[in-house]
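Asker: Same order as they appear, the protein sequences are chains A and B.
Using our numbering, the first residue of the first sequence is number 29, and each one after it goes up by one.
Using our numbering, the first residue of the second sequence is number 29, and each one after it goes up by one.
A couple of the hints might just be wrong.
Just so you know, same-sequence chains aren't split out, so a pair can sit in one copy or run between any two.
To be verified - Calculated lysine-lysine pairs in the BS3-like style (CA-CA distance at most 27 Å, straight line):
#	residue 1	residue 2
1	K230	K212
2	K262	K93
3	K58	K262
4	K282	K197
5	K286	K193
Bear in mind the hints are in silico, worked out from the structure with no lab data behind them.
Protein chains: 2
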Amino acid sequence: MTKLRKLILISNDDGYQARGLHSLIGMVRKYGDIVVVAPDSGRSGASMSISSSTPVRNKLIKEEKGSDAEGSLTIWSCSGTPDDCVKMAFENLCPRTPDLVLGGINHGDNCAVNAHYSGTVSIAFEACIKQVPAIAFSSGYTSADADFSGMTPWVEKLVEHALTKGLPKGICLNVNCGAYDEFKGIKICRMGMGDWKEEWQKSIHPHGWEYYWIAGYYAPTDGNDEATDTWAFKNQYVAVTPLQLDLTAYEAMKELEKDFSPTPSFQDGE
Amino acid sequence: MTKLRKLILISNDDGYQARGLHSLIGMVRKYGDIVVVAPDSGRSGASMSISSSTPVRNKLIKEEKGSDAEGSLTIWSCSGTPDDCVKMAFENLCPRTPDLVLGGINHGDNCAVNAHYSGTVSIAFEACIKQVPAIAFSSGYTSADADFSGMTPWVEKLVEHALTKGLPKGICLNVNCGAYDEFKGIKICRMGMGDWKEEWQKSIHPHGWEYYWIAGYYAPTDGNDEATDTWAFKNQYVAVTPLQLDLTAYEAMKELEKDFSPTPSFQDGE
Chain A
29 MTKLRKLILI
39 SNDDGYQARG
49 LHSLIGMVRK
59 YGDIVVVAPD
69 SGRSGASMSI
79 SSSTPVRNKL
89 IKEEKGSDAE
99 GSLTIWSCSG
109 TPDDCVKMAF
119 ENLCPRTPDL
129 VLGGINHGDN
139 CAVNAHYSGT
149 VSIAFEACIK
159 QVPAIAFSSG
169 YTSADADFSG
179 MTPWVEKLVE
189 HALTKGLPKG
199 ICLNVNCGAY
209 DEFKGIKICR
219 MGMGDWKEEW
229 QKSIHPHGWE
239 YYWIAGYYAP
249 TDGNDEATDT
259 WAFKNQYVAV
269 TPLQLDLTAY
279 EAMKELEKDF
289 SPTPSFQDGE
Chain B
29 MTKLRKLILI
39 SNDDGYQARG
49 LHSLIGMVRK
59 YGDIVVVAPD
69 SGRSGASMSI
79 SSSTPVRNKL
89 IKEEKGSDAE
99 GSLTIWSCSG
109 TPDDCVKMAF
119 ENLCPRTPDL
129 VLGGINHGDN
139 CAVNAHYSGT
149 VSIAFEACIK
159 QVPAIAFSSG
169 YTSADADFSG
179 MTPWVEKLVE
189 HALTKGLPKG
199 ICLNVNCGAY
209 DEFKGIKICR
219 MGMGDWKEEW
229 QKSIHPHGWE
239 YYWIAGYYAP
249 TDGNDEATDT
259 WAFKNQYVAV
269 TPLQLDLTAY
279 EAMKELEKDF
289 SPTPSFQDGE
């Protein structure tokens with residue numbers, strides 16, 4: 029490699045030691061230089077939270093030079109949230125603006141509305157804000173020593189696409205692979221809908237007071253709809269859901285404008 | 029009031045003692061019974077994070093009976109995130125499913141892409157998941173003793189609308205009022221775009237190691253576009269941005285389907 033290699037930034041929400049992260053590094057290292065900035069421990073359910081009232085610290089974990097066959101690899105751990113990691117990487121830890129940002133591979137899926145809670149998906153959204161193509165990868169395998177190698181050809185296909193063609197501005201990909209070792213193919217999906225049931229499990233502290241663990245089960249409302257990521261994920265497809273940074277409910281605007289805007293008392297004065 | 033009063037759930041991300049929360053309670057108490065479940069301290073920038081690995085505890089702060097003139101008021105503090113507060117309220121602390129969920133009033137705006145980071149907005153999104161109408165209120169006033177009374181007629185207008193007409197399924201309102209005491213009217217907006225600059229401020233710990241505070245300034249890329257909440261907020265309108273729970277980038281699906289799906293090797297077998 030003599031020309032400037034592509035730069036890929038990777039983060040996750042399971043922490044810099046997670047197997048899913050290192051599997052992903054292995055799958056994409058051939059495409060360029062890799063900078064990893066990942067939380068110092070698990071941050072599941074971090075959503076797009078930022079450390080607004082606590083200081084954030086980074087530690088250099090590994091620094092490997094590149095070769096003809098593969099790019100360099102630099103790994104930082106960061107005491108902040110997944111979103112902090114991306115912000116930190118862009119401003120302080122990447123040698124230049126990354127060509128691609130990847131989240132994952134998450135131990136556990138981020139299908140459907142659960143993308144909202146996901147630290148893995150937040151990595152892709154933060155990259156959207158910074159106008160860099162991004163993909164969040166999650167797996168139905170949840171154990172710490174899970175084997176994610178069945179995802180390899182699909183991760184390669186999607187990463188190659190993003191590195192060569194890019195992605196539309198303001199749009200990232202949320203990729204979910206079920207707990208399978210082979211997949212039928214890629215399916216472009218819409219986000220499934222649903223809610224959690226029995227969300228809190230009550231326990232009693234030794235001192236007698238009540239506390240709760242978040243728990244429960246996810247109940248999809250449209251899980252049999254083949255258009256959803258929920259369905260594709262369960263049916264051995266690589267579920268690829270394009271997500272948009274712009275949350276505006278454009279279709280609702282007209283009706284609301286009729287009801288509210290401009291308010292009559294000010295119409296004349298405008 | 030002899031008939032069953034409306035039930036309004038209120039949370040925020042500035043904590044149960046915040047003035048913005050108590051201003052909002054004062055503005056809407058005439059509409060029904062109020063249950064507040066709010067974080068025990070500030071949770072700015074919490075986004076839709078949930079306490080996936082720490083237990084959550086609630087404390088009853090206040091319990092006032094209703095009268096002919098106004099509904100009852102129950103206030104709980106919760107050790108979790110704003111999103112946890114909503115989940116906790118629905119499952120354990122509300123006497124019935126709320127008719128309306130409100131977030132705020134936040135000390136500080138949540139315009140544009142910053143809605144993604146907002147704990148206040150997360151309250152409305154969690155209510156969307158639970159299919160209950162919801163509004164997030166934020167103000168340009170940031171000080172702890174800010175006077176939010178200029179928002180009163182607009183909060184009333186929006187709350188009355190949501191209680192009588194409801195809101196479309198899967199859609200909540202993100203309402204931002206600038207640091208003014210009077211407003212020109214309601215403006216239905218789209219979410220503005222932009223990014224933060226100089227996001228990290230480096231400091232040195234007494235022991236010599238570096239750490240960072242998140243800081244910087246927000247730089248809109250479309251702040252002069254009158255369609256954005258960024259513009260409306262700055263120009264003395266009540267900026268009302270309808271946000272949708274469904275993040276799917278529908279317009280990008282067709283192009284991605286051409287590139288990816290169904291993958292040729294499996295086309296025949298399906």
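Asker: Now, for every hint given, state plainly whether the structure supports it.
Answerer: Comparing the hints with the structure gives:
1. For the identical chains of this complex, K230 and K212 are neighbours neither inside a copy (41 Å) nor across copies (48 Å), given an alpha-carbon limit of 27 Å.
2. In this homomeric assembly, K262 and K93 never come within 27 Å of each other (Cα to Cα): the closest approach is 40 Å inside a single copy and 49 Å across copies.
3. Within a single copy, K58 and K262 get their C-alpha atoms no closer than 30 Å, and across copies no closer than 48 Å, so neither meets the 27 Å cut-off.
4. Taking the shortest Cα distances, K282 and K197 sit within 27 Å of each other both inside one copy (25 Å) and across copies (15 Å).
5. For the homomeric pair K286 and K193, the shortest alpha-carbon distance between copies (13 Å) is at most 27 Å, but the shortest distance inside one copy (41 Å) is not.
Hint compliance for this structure: hints 1, 2 and 3 are not met, and every other hint is.
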